[in-house]
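Visitor: Could you put the whole structure together from the sequences, leaning on the hints where they help?
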Amino acid sequence: MTAADFLSIDLPAILVAVLAATSCGLLGNFLVLRRQALIGDAISHVALPGIVVGFLVAGTIATLPLMLGAMAAAVIAAGLIEIIRRVGCMEAGAAMGVVFTAMFAGGIVLLEQTGASNVHIDAEHALYGNLESTLWLGLTAWSDLLTADAYAAMPRQLVTLIGVTAAIAVLIAAFFKELKVSTFDPGLAASLGLPVRTISTALIVIVAVAAVAAFEAVGSILVIAMFICPAATARMLTDNLARQLWLSVAVAAIAGIGGYFLAAFGPQLWGNPNALSAAGMIAVVAGILQVAAMLGAPRYGVLARTVRNRRRKLDLPA
Amino acid sequence: MTSEAFAVLTFGAGYNTSVVLAGVIALGIGGGVIGVFSFLRKRALISDAISHATLPGIALAFLAGVALGGTGRNLALLMAGAALTGAIGILAVQWIRDRTRLAEDAAIGTVLSVFFGFGIVLLSHIQTLQAAGQAGLNSFLLGSTAALTAGEAQLIAGASVAAIAIALIFMKEFGAVAFDEGFAAAQGWRVARIDLIMLALLLAIVAIGLKTVGLILIIALVIIPPAAARFWTDRLGRMVALSGAFGGLSGWIGGSISALFPDMPAGAVIVLAAAAIFTASLLFAPRRGVIAWSLHRLRLRLRAAETRALLAMADGYQAPDALARRLAGWRGYTDAHGQMTVRGAAAAAGAAHQQRLWRAYRQRHPDAALSFNPLSGRRIEDALSADIVAALERDSA
Numbered sequence: 000m001t002a003a004d005f006l007s008i009d010l011p012a013i014l015v016a017v018l019a020a021t022s023c024g025l026l027g028n029f030l031v032l033r034r035q036a037l038i039g040d041a042i043s044h045v046a047l048p049g050i051v052v053g054f055l056v057a058g059t060i061a062t063l064p065l066m067l068g069a070m071a072a073a074v075i076a077a078g079l080i081e082i083i084r085r086v087g088c089m090e091a092g093a094a095m096g097v098v099f100t101a102m103f104a105g106g107i108v109l110l111e112q113t114g115a116s117n118v119h120i121d122a123e124h125a126l127y128g129n130l131e132s133t134l135w136l137g138l139t140a141w142s143d144l145l146t147a148d149a150y151a152a153m154p155r156q157l158v159t160l161i162g163v164t165a166a167i168a169v170l171i172a173a174f175f176k177e178l179k180v181s182t183f184d185p186g187l188a189a190s191l192g193l194p195v196r197t198i199s200t201a202l203i204v205i206v207a208v209a210a211v212a213a214f215e216a217v218g219s220i221l222v223i224a225m226f227i228c229p230a231a232t233a234r235m236l237t238d239n240l241a242r243q244l245w246l247s248v249a250v251a252a253i254a255g256i257g258g259y260f261l262a263a264f265g266p267q268l269w270g271n272p273n274a275l276s277a278a279g280m281i282a283v284v285a286g287i288l289q290v291a292a293m294l295g296a297p298r299y300g301v302l303a304r305t306v307r308n309r310r311r312k313l314d315l316p317a
Numbered sequence: 000m001t002s003e004a005f006a007v008l009t010f011g012a013g014y015n016t017s018v019v020l021a022g023v024i025a026l027g028i029g030g031g032v033i034g035v036f037s038f039l040r041k042r043a044l045i046s047d048a049i050s051h052a053t054l055p056g057i058a059l060a061f062l063a064g065v066a067l068g069g070t071g072r073n074l075a076l077l078m079a080g081a082a083l084t085g086a087i088g089i090l091a092v093q094w095i096r097d098r099t100r101l102a103e104d105a106a107i108g109t110v111l112s113v114f115f116g117f118g119i120v121l122l123s124h125i126q127t128l129q130a131a132g133q134a135g136l137n138s139f140l141l142g143s144t145a146a147l148t149a150g151e152a153q154l155i156a157g158a159s160v161a162a163i164a165i166a167l168i169f170m171k172e173f174g175a176v177a178f179d180e181g182f183a184a185a186q187g188w189r190v191a192r193i194d195l196i197m198l199a200l201l202l203a204i205v206a207i208g209l210k211t212v213g214l215i216l217i218i219a220l221v222i223i224p225p226a227a228a229r230f231w232t233d234r235l236g237r238m239v240a241l242s243g244a245f246g247g248l249s250g251w252i253g254g255s256i257s258a259l260f261p262d263m264p265a266g267a268v269i270v271l272a273a274a275a276i277f278t279a280s281l282l283f284a285p286r287r288g289v290i291a292w293s294l295h296r297l298r299l300r301l302r303a304a305e306t307r308a309l310l311a312m313a314d315g316y317q318a319p320d321a322l323a324r325r326l327a328g329w330r331g332y333t334d335a336h337g338q339m340t341v342r343g344a345a346a347a348a349g350a351a352h353q354q355r356l357w358r359a360y361r362q363r364h365p366d367a368a369l370s371f372n373p374l375s376g377r378r379i380e381d382a383l384s385a386d387i388v389a390a391l392e393r394d395s396a
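These protein sequence lines are chains A and B, in that order. For the first sequence, numbering that gives the first Met the number 0 begins at 0 and goes up steadily by one. For the second sequence, numbering that gives the first Met the number 0 begins at 0 and goes up steadily by one.
Keep in mind the hints are simulated off the structure, nothing from the lab. Predicted model, so just to flag it, every value in this text is computed and none were measured. There's no promise every hint is true.
Partial list, computed: chain B residues near chain A (C-beta under 7 Å) [claimed, not checked]:
#, residue
1, Ala21
2, Arg40
3, Ala105
4, Phe115
5, Val120
6, Trp231
Glycine included, every Cβ here is placed at the ideal spot set by N, Cα and C.
Guide: Encoded structure:
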């Protein structure tokens, strides 16, 4: 592997993976704590019809119309879920299941019927993403990273993701207290005069933005994994929200980098020259990290609990 | 075109099309029947984890088939692989939910994304192999009926019927667990075991339907029909029958359309048919549907406004708000100048009398009176027995 290969092929892919994982992972903390983890799942499914409609309306696959389409689809889906939940007196999970499968099915039929599937959008691509094909052309040596020209040639997905990740980090930092109170105690938040419903709607819109930005590069399955696994891993390790956010970012970054390297170079270790799916592998690494945390977390881990329980039993007078 | 459509819909378009259609209908009925129980148990989305968890199993079964020297495209083998990792996925969800501090939604999300990710890794490995039939594996994502052979369709139909039969045998137990876990436990039933049987049936339907509907949309088959059926009835038996019928109808419509237009993805069309049935139920169902419910609310509002107007008139005032005033005019309680008519005087006296009786009832039985809405305009003679009303008449006199 030469430096030029690494810089133009692997570096952008790793950056995209890490940024996508970070932006989704940060938001995932709030989804997991609010018991809305599957909103990420629902939104990444309804993004498909939104993207297709955005493409059909705008006629190009530029980022902005696709993202607007997906955001509109996410907001419509959230509204429909709420209506069905209230009118039908239904559990949120069932309402979500009805809405996102129906919208996803609509998206697929639209794709097939309008011929949009010929141009870069297809359902499998939407699932797996296309991490391996994000290229940063024009980078041949590390010193190129210091030149302005290199940044002009930066891949579009990377630019989008840098912007979205920065925006999410700033928003979370700015509204940390509001998010924290409304997540843990909506009643208290309402009595303090916080707009609880606006906050949860805004959260869903931002989740949709993050999902779409990441979706294009890494596929919906990795988006779902990153909304849940880093946050769930961090949740096993701490009770402090700020610490949980930092931990989830760390987990997301480790999964992104580790998963990419395993997928790109792992098979070569046993003599297979073909790379594996990076998006899939990142999800697997995130899962492994989560299993490790669920088993081995110092306080809430299953092993620690078992040991504690056993010790407690031994301490009891016979 | 019309005659062709008619031929497909009525099973007259050749043996193969008919067998495939029968298979899809059986699958739809099975999904509808079995989905009722996880829907009522408020665990509808566990099927999402199950369906995504089948992907690594499909890939592993394919690899095993190739290693054994076959093409790897044996549907029974692929289904078995799907069922195996699907089962592991179910156990993983239960384990995370029961043994860690994470909630069920996080458990479902974890299992579905990590298992699916692993499946994608395996698929990307399979793509690099020079094995025959690997292209067919992608059809498991979105499903297709085009590639279904008559034998495979028979397998799907047979397995669906078996799953439906088991679900009907355990209907009483499933229903009890779904509605009242404590009651089921008090009956001496093992709730955890009944749950596992229910999940096993769900897994069976998912594994059976993968090939036709695809693993992303198969969950719609076990969620949408029960959700639609719930609007029409409060009884378990009827709900199971209706949900099965809705599922079968979706399969019939979707299967026919995809037979007529081969590039229409079958799974998506079936799901859209189910979604149309759901929307119709949401709007038109008696009592629980949006329209019936809105009419009911409107009627209550009007009745409350009328009562308001009459009570005010009985005390010698004008009706307190515009709606009540206008209503009094329409009903002929007031004339064009807003003056009380003879008819209005009688009605106002009646309303005041009713109110006196209700007030007496509230004083005598304050706890029981809580369940009556004083403004609903309901006549006390219709709500309470004659001797209580007679006693109230004496009280208020």
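Visitor: Each hint: holds or not?
Guide: Against the structure, the hints:
1. Ala21: At about 22 Å, which exceeds the 7 Å cut-off, the nearest Cβ of chain A leaves the hint on Ala21/B violated.
2. Arg40: 9 Å, violated
3. Ala105: Cβ of Ala105/B sits 5 Å from chain A, so the hint holds.
4. Phe115: At 5 Å from the nearest chain A Cβ, Phe115/B passes the 7 Å test, so the hint holds.
5. Val120: Since the shortest Cβ distance to chain A is 4 Å, the answer is holds.
6. Trp231: 11 Å, violated
Violation of the numbered hints given earlier is confined to hints 1, 2, 6; the remaining hints are satisfied by the structure.
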